[in-house]
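Participant: For this one, chain G is given, so just place chain R on it according to the hints.
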Amino acid sequence: MNIAPKWLLHCAGPAAALAAAVCAMTTDARAQDYPTQDIRFMCGFPAGSGADVLVRYMAEKVRPVANRTVIVENKVGAAGNIAAEHTARAKPDGHTVYVHAASAIAANMHLFKKPPIDAAKDLQIAAGVNKQPFMVMVAAGSPYKTLAELTAAMKQKGDKASYAQSNTSGKVMGELYKQVTGIKAVEVAYRTANDSLNDFASGVVDYGMMDPVFALSHTRAGRLRMLAVSTAERMQALPELPTMAEAGVPGVELLTWFAAMVPAGTPKPVVETLNKWFNQVLATDDAKKFLNSFGGDPFITTPEDGQALFRKHVKDWEGHVRAAGIEPQ
Amino acid sequence: MGFDLFQNLATGFGAAVSLKNLGFALIGCLLGTLIGVLPGIGPIPTIAMLLPITFGLDPLSSLIMLAGIYYGAQYGGSTTSILVNIPGEAASIVTCIDGHQMAKQGRAGAALAVAALGSFFAGCVGTVFIAAFGPPLAAIAQEFNSPDYFSLMVLGLVTAVILAHGSVIKAIGMVLVGLLLGLVGTDVNSGLTRYTFGISELWDGIDFVPLVIGMFGIVEIIRNLERSTLPRAQFSARLKDLWPSRKDFDASWRAVLRGTALGSLLGILPGGGAVLAAFASYTLEKKVAKDPSRFGNGAIEGVAGPESANNAASQTSFIPLLTLGLPSNAIMALMMGAMIIQGIQPGSAVMTKRPDLFWGMVASMWIGNLMLLVINLPLIGIWVRLLSVPYRLLYPAILLFCVIGIYSTNTNIAQLVLCAAFAVFGYVLLRFGCEPAPLVLGFILGPLMEENLRRSLVISRGDPMVFIERPISAILLAATVAVIALIVLPQFRKTREEAFQ
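From first to last, the protein sequence lines stand for chains G and R. Under this note's numbering, the first residue of the first sequence is numbered 1, with each subsequent residue one higher. Under this note's numbering, the first residue of the second sequence is numbered 1001, with each subsequent residue one higher.
If we strip away everything but chain G, and leave its shape as in the complex, we get (with noise of 0.2 Å):
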């Protein structure tokens, strides 16, 4: 029973979030009604970060589907697993809801020693929100016009063959092309995809994998030009460019792919209806333009093929980790 006159619960700003604890502390809102406070959108970056675009771009969207207050709340550290207990530690009525890369969350259960949750069994997955993929990427001038070309020519070249990665994924999609290929090219470890961009010019890297938005905009700009996507299928954004199988090299498959998580134990009624929200969003034009902008699909899903993808990603990345070498911390 909700008790709160109705009254309080229009009033916007404190007198709204003071009504919504008066009504967490008397009596568990029922799944029918939610929602019955603001909601939390939690980012794992620090604002102004690519993923804080993103998150703050679904709470605008999702604001007026709601008809609520969304908030967004920037959780940031220890690679999005500081949000993600707090997340899984939050109340199970689907006013927390981690807006993050799933992928990322699964790849931590391995990159950590101690991860803080079970990923897939202390979240659940609510709905998708889009799918990335990573970039094969020689320079503009580069003589390598496919990825076949490519690899032939780095097995040529040995061990003086460099390239570029910037984070873990691309870390990972490097070493497991050069175990696929058994070619021994030299890894350069760049802070952001930006510091590579003088190195690919000069020809000091002969490839990188890089992530969508900056091959993007560099490939617009004719500094660089893409070779193949990390993804099992094509992009729709990208329809042209192929897919790292179907370019020679099979079994090299990463996907990034942002999701909305909420507590593990959230009455499915209420991941049904985050679930309709999302989905509503993704549908719009105006959310396909913004997400193909990044380099990126929507990705419309139920919460159960979310969950199944999220707990493949989980038991796959196990395998990622180990293939490149990567020590848990």
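Watch out, some of these pointers could steer you wrong.
In silico lysine to aspartate or glutamate, EDC-like type, Cα no more than 16 Å apart, as pairs [said to hold, decoys possible]: (1) G:K114 with R:E1201; (2) G:K121 with G:E304; (3) G:K160 with R:D1187; (4) G:K171 with R:D1187; (5) G:K276 with G:E304.
Now the in silico label distances, taken between C-beta atoms and shown as ranges [what the hints assert, rightly or not]: (6) G:D305 with R:I1468: 55 to 61 Å; (7) R:E1469 with G:E246: 51 to 57 Å; (8) G:G141 with R:L1416: 49 to 55 Å; (9) R:P1136 with G:D305: 51 to 57 Å; (10) R:L1183 with G:G158: 29 to 35 Å; (11) R:A1421 with G:G319: 36 to 42 Å; (12) R:L1183 with G:G182: 31 to 37 Å; (13) R:G1343 with G:T146: 25 to 31 Å; (14) R:A1421 with G:P242: 49 to 55 Å.
It should be emphasised that the hints constitute simulated quantities derived from the structure, not laboratory data. Because the structure is a prediction, the values reported are computed rather than measured. Glycine included, every Cβ here is placed at the ideal spot set by N, Cα and C.
Facilitator: Using the frame of chain G, we list chain R on its own:
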């Protein structure tokens, strides 16, 4: 070329000078000044939170507003540096050194006015600089590879030693402590965490905001409170004292020119251009001054030079973004995000495909600088009056804003604990006569230096000759050797010691 320049600027002013765009420039500048004045609340979270609002605006208006926040914060940051010794952001740390001394001597008005005028002048030059030399300069920045960055950082760190006005040994010690603090967190090359003691809050490294607020702001408060009589800042509302004297102008105009030149050049380089520029300008002013002993005791050149330098650099740091699509710092990365959302791919194509947008933004930079001057000059009287508030009322307010600022960066209590630890550490350093400025420079440049050193050696497969073979790197290292020679030459040492005893 000359004709093109004027035609381009005309296009820009045509696009930027609409009532709507002027309005957005004003909103941006006001917001920026406000967040710049509040310690710890930086432009990055502000721009991030305003980003969704700009989705609905047209691209030029939204970029003008975001850019206004950026310059506004630069201006506002120097205000707190001068008044209460709390740098609003990294580039205004140097302003604290002499600016706050001036405020203590009752010359806060002069310091604020010189900072505002110097910044305005530098902003104007920076704008013309972008319009005239943007593309060719961007091409030079593109020539910088890892070894060159390493050598640049080495030069920056060595010059940091000159910054201090105590013993050279202590200054070197401080730079090294800064380097060590900078290494905390995840190592880029191996992906392993270092010096984190299993505390997950330290995995991403020590945040800049708690460090600076602890070591500068809180230490300053402790220092003021430990006096038996609380300081009453000399305060004079006479207009004469709010405005720089003839002598002040004479002393500072050359510093403004030199700072502007340095800042315009260093701003183009990605990664902390504005910070390096401010430090470099201070070093240069101290070197060329007839009487270097005045530095650290309220030398107006020590405010004029660095303030001009950091503002010129914050202007020219748009060059890599606008011409290459390369963000040179976190704020530029945000601006890039804003452009992508608007369907604009940052880079040279913007100049040819959307000249109104490109030149409109360049023109709006100048307009923004003018607005800031108009906003800030009348405010000087109010800021200075703030100092007449009894310190027992002022300090809890400052402390409160510091705490809010730190907490708001990522809503993590651990940051406040860090800040408290740095305040204690900073106080101990103060008692030992060690200055925090070289430490902060080491903290900022150290990780960049290490990263580029190791990357250079990976690329050269372990051959250190790579630092001498590349001409840019070789020149920078030669300059470093020259600076070291200046420090160790006995004659220099003598004058140095004379100067500071």
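Participant: Give a verdict on every hint.
Facilitator: Hints, verified against the model:
1. Pair hint K114 of chain G plus E1201 of chain R holds up; C-alpha atoms about 15 Å apart against a cutoff of 16 Å.
2. Among the hinted pairs, K121 of chain G with E304 of chain G is consistent with the structure: their alpha-carbon atoms are about 13 Å apart, no more than 16 Å.
3. Simply put, K160 of chain G and D1187 of chain R have alpha-carbon atoms about 24 Å apart, too far for the 16 Å limit, and the pair is violated.
4. Between the alpha carbons of K171 of chain G and D1187 of chain R the distance comes to roughly 14 Å, so the proposed pair stays at or under 16 Å and holds.
5. Proximity of K276 of chain G to E304 of chain G is assessed by CA-CA distance (about 13 Å); at most 16 Å being required, the pair is judged to hold.
6. A beta carbon spacing of about 58 Å between D305 of chain G and I1468 of chain R agrees with the range 55 to 61 Å that was offered as a hint.
7. Checked against the given bound of 51 to 57 Å, the beta carbons of E1469 of chain R and E246 of chain G, roughly 41 Å apart, lie outside it.
8. The given range of 49 to 55 Å is respected by G141 of chain G and L1416 of chain R, whose C-beta atoms sit roughly 50 Å from each other.
9. Between P1136 of chain R and D305 of chain G the Cβ separation comes to about 53 Å, which falls inside the hinted range of 51 to 57 Å.
10. Taking the beta carbon of each, L1183 of chain R and G158 of chain G are about 33 Å apart, inside 29 to 35 Å as hinted.
11. For the pair A1421 of chain R and G319 of chain G, the beta carbons lie near 41 Å from each other, so the given range of 36 to 42 Å is met.
12. Remark: the range hint 31 to 37 Å for L1183 of chain R to G182 of chain G is upheld by a beta-carbon distance near 36 Å.
13. One distance hint, 25 to 31 Å for the beta-carbon pair G1343 of chain R and T146 of chain G, holds here, with the actual separation near 30 Å.
14. As the Cβ distance of A1421 of chain R to P242 of chain G is approximately 53 Å, the hint placing it in 49 to 55 Å holds.
Hint compliance for this structure: hints 3, 7 are broken, all remaining hints hold.
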